[in-house]
Every structure is written in structure tokens, then in C-alpha cells.
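With the hints as extra help, turn the sequences into a complete structure.
Chains A and B are the protein sequences, given in the same order.
Take 1 as the starting number for the first sequence in the working numbering and just add one per residue.
Take 215 as the starting number for the second sequence in the working numbering and just add one per residue.
Misleading hints may appear alongside valid ones.
[To be verified] The calculated lysine-lysine pairs, modelled on DSS-like cross-linking and capped at a C-alpha distance of 25 angstroms, are:
hint: 1; chain 1: A; residue 1: Lys81; chain 2: A; residue 2: Lys195
hint: 2; chain 1: B; residue 1: Lys256; chain 2: A; residue 2: Lys93
hint: 3; chain 1: B; residue 1: Lys244; chain 2: A; residue 2: Lys165
hint: 4; chain 1: B; residue 1: Lys270; chain 2: B; residue 2: Lys227
hint: 5; chain 1: A; residue 1: Lys93; chain 2: A; residue 2: Lys82
hint: 6; chain 1: B; residue 1: Lys270; chain 2: B; residue 2: Lys244
hint: 7; chain 1: A; residue 1: Lys165; chain 2: A; residue 2: Lys81
hint: 8; chain 1: A; residue 1: Lys140; chain 2: B; residue 2: Lys270
hint: 9; chain 1: A; residue 1: Lys155; chain 2: A; residue 2: Lys138
hint: 10; chain 1: B; residue 1: Lys244; chain 2: B; residue 2: Lys227
hint: 11; chain 1: A; residue 1: Lys44; chain 2: B; residue 2: Lys256
hint: 12; chain 1: A; residue 1: Lys44; chain 2: A; residue 2: Lys73
hint: 13; chain 1: A; residue 1: Lys155; chain 2: A; residue 2: Lys82
hint: 14; chain 1: A; residue 1: Lys155; chain 2: A; residue 2: Lys140
hint: 15; chain 1: A; residue 1: Lys38; chain 2: B; residue 2: Lys256
[Unchecked claim] A short list of chain A residues far from chain B (calculated; beta carbon distances all over 10 angstroms):
hint: 16; residue: Leu59
hint: 17; residue: Asp63
hint: 18; residue: Lys93
hint: 19; residue: Val147
hint: 20; residue: Gly158
hint: 21; residue: Asp164
hint: 22; residue: Asp194
In case anyone wonders, no lab produced these hints; they're calculated from the structure.
Being a predicted model, the structure only gives us computed values, none of them experimental.
Yeah, the Cβ is synthetic: ideal placement off N, Cα and C, and Gly gets one too.
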Amino acid sequence: MTTDERDTHDHGHDHEHPGTTPDVNEAGYYELMAEAMKELLIEKGVVSADDVRRNLEFLDSRDPVDGGRVIAKAWTDPDFKKRLLDDGTAAIKEMGLTMGDAELVVVENTDDVHNMIVCTLCSCYPRTLLGLPPDWYKSKSYRSRAVIEPRSVLKEFGTEVPADKTVRVHDSNADMRYLVLPQQPDGTENWSADKLAEIVSRDAMVGVVLPTAG
Amino acid sequence: MTLFNVGDRVRIKNSHPPGHRRTPFYARGKIGIIERYCGEFKNPEELAYGFDGTPKRELYRVRLSQTDLWENYDGPENDTLDLEIYDHWLEKAEG
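Shown next as C-alpha cells:
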């Protein structure tokens, strides 16, 4: 079939045409609503198209490396760790990092407490420090089960928390964002902050796994 | 002076108004302890409808016991859940 025939034939479109593929992101209901909202905000002059683009570019450029640097600094600098636990938002500013419009609460794992983060209402997450949240974090299954049966969920991530240790779940349901400060693994006592930062994974900072030296 | 202090026993109101609320259903009617005061924030229940979010509301982190939250919680009594509640959803609890 030639291009001309493709353009002019008059039957319904319940089949694929040769040489055509669906777009990477066929818009569903919510994508269309978000797009309509964006167009209105731009039309009313509330934001510019470039504001939207720049924000997307910034968020896409974030990844867990920055979060790892924060944790490694806390492990190697006790004064910084104290400031980080007192006021996370202010402490990360010292490192040139920002929380955007939200506030940061850093929760510390200890011999007695294991912390784990969830947002039951949507998918609040410290995006400026960890990048975009993984799909499992946004899933209804994680969002409900992390509060109801956190120990079972942790086990599925390979993390067995002993019964004499408190599991403390943090529901990120309003204006705070959370980062878990894991315990520094044994055998890394003399490591540099740069080397330590490499072993701090995204999932360790959400509190579903523990970092290891290897 | 804040409305509540760290350590206060509080009840999260068991209220079910329609509209955008950021108090999860599972926590409504439950008693917990104020863990920290987070500051004043614009009220999301107003912001959601295009209002300016004032007056601001005091936001608190409330710590609840998992065994209080879930009848059949599978874990030790020390396990807890912390979440953020705006002042107008909190009332002092006895005891």
C-alpha cells in the first residue's frame, strides 16, 4: 500500500497499518488531564512552558548519588550527623542540595530501631536526593502493605529484622520527606566518604534493605 | 507556644468529612504520642480547592503503636508507625 492509499482509505481503524507503531506513551485519562492542566497554567501565565521543561529536566537529572553523599558525610562527620538529624533541610543545604518545597526529616537506624518509608496517600519521596521513585514504591501493594505488615514486606526485600528490634514505619503523608540514615556496615571504619557513598543504595535510604561492605 | 507538646497523648479525630484530606483512614480515631512539631504549613484541604491555604496549620508527627492500629498485627509490641497530622485533626487524649 502506498502512503497515498493509507491517507485516503475509508474504513475504521481497528487494525495497525504497516509501518506504524504506537507512540511510546499513549496518553490515558490522567495523562490527558495533566496535559490539559499544564496547558491552562501556561495559557493563564501562571507558569511558562520553559518553567515546566526546566523542572522536568532537573527532576530527571536527580539520582540516589546525592542521597548517598549525605549518608556518607553523616557517617564520617559526627557534627554534620547531629545537624542532619536536627534539621535535615538546613543540613543538606551545606552540601549545596535542596529539598525544593518540602522539608527533610532524616531518621536514624540504630541497634534498637529499623526505619522504613512509605507514602500511603500517593508517592511522596525525597526526589531531589534520590531521583524519581521506583515503580514498587508507587504501587498500591507496597503503599498498603508497608503499613499493615512491614516485617513481611521487608522479608520480601531480603531484610529480616529481629523481633527485639523495633520496626518504625514512617508514612510520608503531608509536608515532610524522609531519608533513612542506615547504620554504617562493619568493616568500613576507615573508608573515605567517597568510597562509603558508593555502597549506600537507594533502597537502603528508603529503609527496605541494609547497606553492606561488599 | 504550640497547641501540643512533644510527648502529649493525642487522639486523631474520627471524622469523615468529604473532600481532599491528608489524614489516612487507618489512623482516624487512634491514639498516639506527639513525636515532634514540624512547623506551620498551608492547609492542604484549602489548597486543594484553589484557596490560599490560610490560616496555616500546625503540623505534628504522631507516633502510633502498630498493635493499636491493626487488630492482627504480626510483629512485636514495640513496632510503631509515625505519620503527620495537622492540628485541626488532633485532640488531647486522656491518660
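Hint by hint, here is what the structure shows:
1. A:Lys81 x A:Lys195: This hinted pair holds, its Cα atoms lying about 18 angstroms apart.
2. B:Lys256 x A:Lys93: holds (23 angstroms)
3. B:Lys244 x A:Lys165: holds (23 angstroms)
4. B:Lys270 x B:Lys227: OK: lysine 270 (chain B) and lysine 227 (chain B) at ~19 angstroms, within 25 angstroms.
5. A:Lys93 x A:Lys82: holds (14 angstroms)
6. B:Lys270 x B:Lys244: holds (24 angstroms)
7. A:Lys165 x A:Lys81: This hinted pair holds, its Cα atoms lying about 22 angstroms apart.
8. A:Lys140 x B:Lys270: violated (30 angstroms)
9. A:Lys155 x A:Lys138: Roughly 19 angstroms separates the two Cα atoms, so the pair holds.
10. B:Lys244 x B:Lys227: holds (8 angstroms)
11. A:Lys44 x B:Lys256: holds (23 angstroms)
12. A:Lys44 x A:Lys73: Violated, because 44 angstroms separates the two Cα atoms, which is more than 25 angstroms.
13. A:Lys155 x A:Lys82: Outside the cut-off at roughly 30 angstroms; violated.
14. A:Lys155 x A:Lys140: holds (18 angstroms)
15. A:Lys38 x B:Lys256: Holds, at roughly 23 angstroms.
16. Leu59: holds (21 angstroms)
17. Asp63: holds (26 angstroms)
18. Lys93: The claim stands: lysine 93 (chain A) keeps its Cβ more than 10 angstroms from every Cβ of chain B (closest is about 16 angstroms).
19. Val147: Given that some Cβ of chain B is not farther than 10 angstroms from that of valine 147 (chain A), nearest at about 6 angstroms, it is violated.
20. Gly158: holds (18 angstroms)
21. Asp164: violated (7 angstroms)
22. Asp194: For aspartate 194 (chain A), whose nearest Cβ neighbour in chain B is about 32 angstroms away, the distance exceeds 10 angstroms, so it holds.
Checked against the numbered hints above, the structure violates hints 8, 12, 13, 19, 21; every other hint is satisfied.
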